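K.L.:
Protein chains in written order, with our numbering: chain A, 1 to 297; chain B, 1001 to 1297; chain C, 2001 to 2297; chain D, 3001 to 3297.
Among the hints, erroneous ones may be present.
Cross-link-like lysine-lysine pairs, in silico, BS3-like; alpha carbons within 30 Å at most [stated by the list, open to error]:
id	chain 1	residue 1	chain 2	residue 2
1	A	LYS94	A	LYS73
2	D	LYS3219	B	LYS1088
3	B	LYS1219	A	LYS219
4	C	LYS2088	D	LYS3219
5	B	LYS1094	D	LYS3088
Note that these hints are calculated values from the structure, not bench results. In this text the structure is predicted, and so the values were computed from the model without any measurement.
4 protein chains.
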Amino acid sequence: MQLGLVGLGKMGFNMRQRLREGGHEVIGYDPRPDVTDVPSLAGLAEALATPRVVWVMVPSGPITDDTITELAKVLNPGDLVVDGGNSKYTEDGKHAELLGEKGISFVDAGVSGGIWGLTEGYGLMVGGSDEDVARAMPIFDTLRPPGDLADGFVHAGPVGAGHYAKMVHNGIEYGLMMAYAEGYELLAAEPLIKDTQAVIQAWTNGTVVRSWLQQLLAKALKEDPSFDAISGYTEDSGEGRWTIEEAIRHRVPMPVIAAALFARFASRQEDSPTMKAVSALRNQFGGHAVKRVSVSG
Amino acid sequence: MQLGLVGLGKMGFNMRQRLREGGHEVIGYDPRPDVTDVPSLAGLAEALATPRVVWVMVPSGPITDDTITELAKVLNPGDLVVDGGNSKYTEDGKHAELLGEKGISFVDAGVSGGIWGLTEGYGLMVGGSDEDVARAMPIFDTLRPPGDLADGFVHAGPVGAGHYAKMVHNGIEYGLMMAYAEGYELLAAEPLIKDTQAVIQAWTNGTVVRSWLQQLLAKALKEDPSFDAISGYTEDSGEGRWTIEEAIRHRVPMPVIAAALFARFASRQEDSPTMKAVSALRNQFGGHAVKRVSVSG
Amino acid sequence: MQLGLVGLGKMGFNMRQRLREGGHEVIGYDPRPDVTDVPSLAGLAEALATPRVVWVMVPSGPITDDTITELAKVLNPGDLVVDGGNSKYTEDGKHAELLGEKGISFVDAGVSGGIWGLTEGYGLMVGGSDEDVARAMPIFDTLRPPGDLADGFVHAGPVGAGHYAKMVHNGIEYGLMMAYAEGYELLAAEPLIKDTQAVIQAWTNGTVVRSWLQQLLAKALKEDPSFDAISGYTEDSGEGRWTIEEAIRHRVPMPVIAAALFARFASRQEDSPTMKAVSALRNQFGGHAVKRVSVSG
Amino acid sequence: MQLGLVGLGKMGFNMRQRLREGGHEVIGYDPRPDVTDVPSLAGLAEALATPRVVWVMVPSGPITDDTITELAKVLNPGDLVVDGGNSKYTEDGKHAELLGEKGISFVDAGVSGGIWGLTEGYGLMVGGSDEDVARAMPIFDTLRPPGDLADGFVHAGPVGAGHYAKMVHNGIEYGLMMAYAEGYELLAAEPLIKDTQAVIQAWTNGTVVRSWLQQLLAKALKEDPSFDAISGYTEDSGEGRWTIEEAIRHRVPMPVIAAALFARFASRQEDSPTMKAVSALRNQFGGHAVKRVSVSG
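Construct the complete structure from the given sequences, taking the supplied hints into account.
P.N.:
Now the structure itself:
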């Protein structure tokens, strides 16, 4: 089918290719002239036959907001917008309403798989009405990995459900990565273990902990056995934070995913104000001759 | 080759079968008459040609200790004992020494895969001398999963290294399970998500979080969508505790795996003394007319 | 000075008494006829000379919203409203704006001390303009504990700063209580310790961990040495949740306070869905004869 | 009474002074000639009338071991040794046995209060027989803070109980310090809060979180409002590690104290191997064109 695709970055670029290889006619728009197929969003709208389906694949937040606001202007009643970026699920309702005022439908789609999606397919979690999801189904079907539909695609619920599922997926991802990483650090610290990479490599088959991330860890260690070229500074893109916010809202204890999130925050601090305060306290009671503040104030 | 196998429980029973299907002559000993091939450890020793290889697959702790002590009596110099159970790595040195005094060699083998090992193969992490490991290699080769040797088997280092690697493997496993489980609880708490099982099923292909455990979670939810038949009471078999002890010894921060371990401890408490104390404190300052203990004591 | 006081619950009732004992004329309003001094908020407004100062001491959330909305109607330009409840700091701006439209000033006041405040005085953290804070200063001065002003009172910043400081205060409180409680549980578990209460009592003087909460713990244990009469079910009143939300907003790692919050959530669950999922996973790989879902989906 | 005191460092030096001011005859030994009263442990033994009481106040571990081994040689049956250092409680049994073989008694004493103990008194937790504790009671009575005996001293149980109680005390201390420190960091990050020190100062009186450590934090911030002169690098002296080991042994969930311990470990790492691994994983799936390791291995 015909699809408009807004955003041809790392994800969108690959998706355009996978969709074209799957037989779809994809017209891509991106502000960068070297990758775009049309000069503008208005140009994209012109190039597509109505009723249109336009997939938005841009950074979440203001850029997604602006894109959807702009699309609301250039599209027509009966068109459908799919937000495939990592928008917070609470944004989906607003976007659906904005578009809905113009008679334009909305579906949110969580997309997993990173750079491997081009060849492996993308895990998809979508939210919206049955009708709207059905309309974009040929696109989902090409993007998703081969095999049973239910193993790589879910219509998770109404608008917002797709991004909610993706948010939780990413929260889990934080926990998984941290679990493997903690284990790696311990193995690397233990002199009995002669080759940490070999141990982690050996876990890729037959073990309980085998996984795709675990394979990537073995691969990363093969490329750089002591991670000499890698800094511990670790960004987070929002889903981990939102997951904990949701855990708080639903009163769900989430010690593992929260610990993984906080470790990322800490990794980005040159020095920790918290630990400075702990250190200052130790100095106060443990060592220096200081004037006393009375206990009873 | 010929192998003596001590312990024909859930793991050993399956291993005997896999090894026999792989062409090995396995003589198994177990105290239960209905499964054993020989009436005693002494009988096992008699039935095996020297130099013998005997694989011990019994619960870690006293039963492993007793078994190895007994084997030291009935085996001969030049024999080899493999401990495939979940012994603490610090036990391995003692067992090697005990056997070594009789001229018997020792290899420790961490074995992963659970009940699936019979058909999928077992992930193996072994510790010992090159010579001893080489001697048991035909057995390892049949037990391990098909594919590249390095993907399912590692000679991790000297005696103790195999169980060390397995210990860390299991510590990671605690963290992974908890990460998935926290995510599951949040999904199940969110009304937007219409079918939690379907979401987790959809993660089995193409996503970043896909793994063997994740597939098992999807499967478990298919069998019991609300886990109505399952209690949250969760045992731990030692490796998680030892992992944190090792983290402390090596000064490795391990917030995620520790949180996963503590959650298991908590799951086994009818009521939490810690939370009783927190509750008591809230009562003290928040609400009840109580007689005051002065601040300055 | 003259003060209107809305809300004569556990906190407000005591505060009226302390203020009256301090020489202020307090006119209290509460919907319960047996404690109120006036029949309505309108009656409160009538009873006070202008320019009025009205202190709101009701549960945060809708009741505070309604109270302030109502006060905006019955008060006059030049009056001042102080919100002494545990409102979320983000509410303060809205309340200030609502009142400001009528020319009414607003100060937010975090109040600590619980039931002990009546006799000990209340720790106060306030937010607002210098002028508004100065106007309510005679009230603050009577409510706060005796001693140096700076040791029991702070004008923390503009509107919102008082509740922000109180929120962090309560977040810390969660962590402190949990630290003591964990230590209590360990002491109680150790047979060497013959009398847990006596140990904690002995910490009330001279030790590094001595504190008001620690004294209350010793006191609570004296009253009920095994906390037999106390359930571990522990409520949270919002500030802990908001503290973690703020930590996330500011990217501040907060493992201890988050762990304390999650422990409260967990204490209120009959059984943990997370641990059911962990348990289900253990069953899947460890024990039961189940049909296999293939790894590659 | 007469007391031999071994170790005149930061703690022992002050204790000698407090005891002398309390009317005791203290003969101190320290390898540093400028502070010692006698030239050797043998000299100390000679200088004391039998039956002797000797208080050991040296670093835990090998130095305490050596000191007690040496004392076993120079003391006589009927003498009493008190270990007031921060020995691990599991050492106490060994030390008691070693001394017991010579007919020498042993008491372990946990001592809290740091440099403030000189003037404020030391919180004391002791383990041993009733008879032995009674014998050293005059010393305990002078060291402990004034006020009720039960508020600053506890005979916690048999040998080992004193150090056990002190270990838990210090574990709690880690949690408390971290809770305050996390709150401090959040306050400092929030622009609404105009003066973080003033807020924390205002908590020293009347609030629920007031404590001795909290006063020290206010004091430390007054001396150095941004902790510019303080590094976050934070040592740990063993009790926190042992507390978590004991929690694991007793299956006590201890998320807060463990998080506080791990934060110290992390504070001492230039870069975190764990976070390097997390970062490496993000690179693997998120961004770089890398050759694929197949999932099914």
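K.L.:
Decide, hint by hint, whether the structure agrees.
P.N.:
Tested hints:
no.: 1; hint: A:LYS94 x A:LYS73; verdict: 16 Å, holds
no.: 2; hint: D:LYS3219 x B:LYS1088; verdict: 47 Å, violated
no.: 3; hint: B:LYS1219 x A:LYS219; verdict: 28 Å, holds
no.: 4; hint: C:LYS2088 x D:LYS3219; verdict: 29 Å, holds
no.: 5; hint: B:LYS1094 x D:LYS3088; verdict: 25 Å, holds
Hint violations for this structure: number 2 only, all remaining hints satisfied.
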